[in-house]
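When you get a sec, could you build the whole thing from the sequences and use the hints?
Chains as they are written, first to last, in the numbering used here: chain A, 1 to 142; chain B, 1 to 142; chain C, 1 to 142.
It is possible that some hints are incorrect.
Same chains, same label: a pair holds when it works inside one copy or across any pair of copies.
[To be verified] Under the rule of at most 25 Å between Cα atoms (straight-line distance), these lysine to any residue pairs were calculated in the SDA-like manner: (1) K83 x T73; (2) K104 x Q119; (3) K104 x G46; (4) K104 x L82; (5) K83 x S95; (6) K83 x A49; (7) K104 x E135; (8) K83 x R124; (9) K104 x S61; (10) K104 x A47; (11) K104 x L26; (12) K104 x Y22.
These are computed hints drawn from the structure, not numbers from a lab.
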Amino acid sequence: MNQPFTDLYVEIQQFYATQVQYLDALRFEEFADTFTEDGVFGHVRGAPAAHGRAGIVAALSEYQERRYGDDPTQRRHWFNMLKVMPQDDGSIVTSYYAVVLATKPGDPVALPTPSCSVQDVLVRQDGRLLAQEREVSADHTL
Amino acid sequence: MNQPFTDLYVEIQQFYATQVQYLDALRFEEFADTFTEDGVFGHVRGAPAAHGRAGIVAALSEYQERRYGDDPTQRRHWFNMLKVMPQDDGSIVTSYYAVVLATKPGDPVALPTPSCSVQDVLVRQDGRLLAQEREVSADHTL
Amino acid sequence: MNQPFTDLYVEIQQFYATQVQYLDALRFEEFADTFTEDGVFGHVRGAPAAHGRAGIVAALSEYQERRYGDDPTQRRHWFNMLKVMPQDDGSIVTSYYAVVLATKPGDPVALPTPSCSVQDVLVRQDGRLLAQEREVSADHTL
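The following block contains the structure:
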């Protein structure tokens, strides 16, 4: 509850590092498991957010299939410029920048696409940090 | 004064995250307010540095107007590879890499431009961390 | 030995910030000195890893000469999404993403090339954190 800010900040850095490894390995179940049971993931601006772990898995699988299909491009999510804002109710609002580095087999140049700003609401349940809400805003859709 | 290094390092990460949000939202007054009253901001190599908060606001406004005008490109400043070096006089020298990710409306590919190395002198005044000096060196001007 | 996780995480961030400054300044001896005497550096997938500090200096010098020669491109190594995993034997496994931002003189656009994932084994010797092993996997060679 009264966790020092420094510990919390670092815990969140580690949390995100773990989370993106799941995402970039297309391990969507494990990614969704970093959200609360009723987690909300608004990953495309204007589109309806995904609700709940099963909903997040479905949305990511559908998006991956539709956008990338068999495309072997390796995508890496980078988060940065993390701002951590503990709230009175015990939740933690974070804001940060994100970019995806996309690499095609054989081509050493990675494409940064897209650049985004993100806002999360994190909560602690049974000691575990979990994402309750994520809202992604891609810069090109502003 | 004797703040543990870990706390200081994280405080500076949060400080920069806050600072770049002002900068990228073109909220130059709030950005300048993260500098000391007599802060020095050398944002273009070879050009005279901006002095004082009003000078920083003026320099950024002029640069924004001249370089970008009505261009709706969203720019995001990313800082990374932060090295924190507390000094004997209580100030803190930091060095880090920076890049701007520039996104045009409708184009999902962000352009990293430019890549820089930066050195800051930070000081604490009335408990607040503030930038006293910043020297930006863009890599393409080396 | 029982260093709090938060302190360790930040110490590693500072360690990497220091290390890449050596690498990007082509100060290979100082870079190699951040490895253990018998450090192993697998910097190109599929190629034999460099062994020992002298071996690391030789491999980097040879690679620099062969790949870049007199090319004045400034390269900056960015590490991110750091995951720190302390092991029972006192060593620390880390995994993170890395990208090189390459800037040619006069051209403000930096090229991200290549994007990689990296795994390190770090150890502490006489109080100093050192890299015992590094395995770099460039995404385009996957």
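Any hints from earlier that this structure breaks? Give me their numbers in increasing order, please.
none
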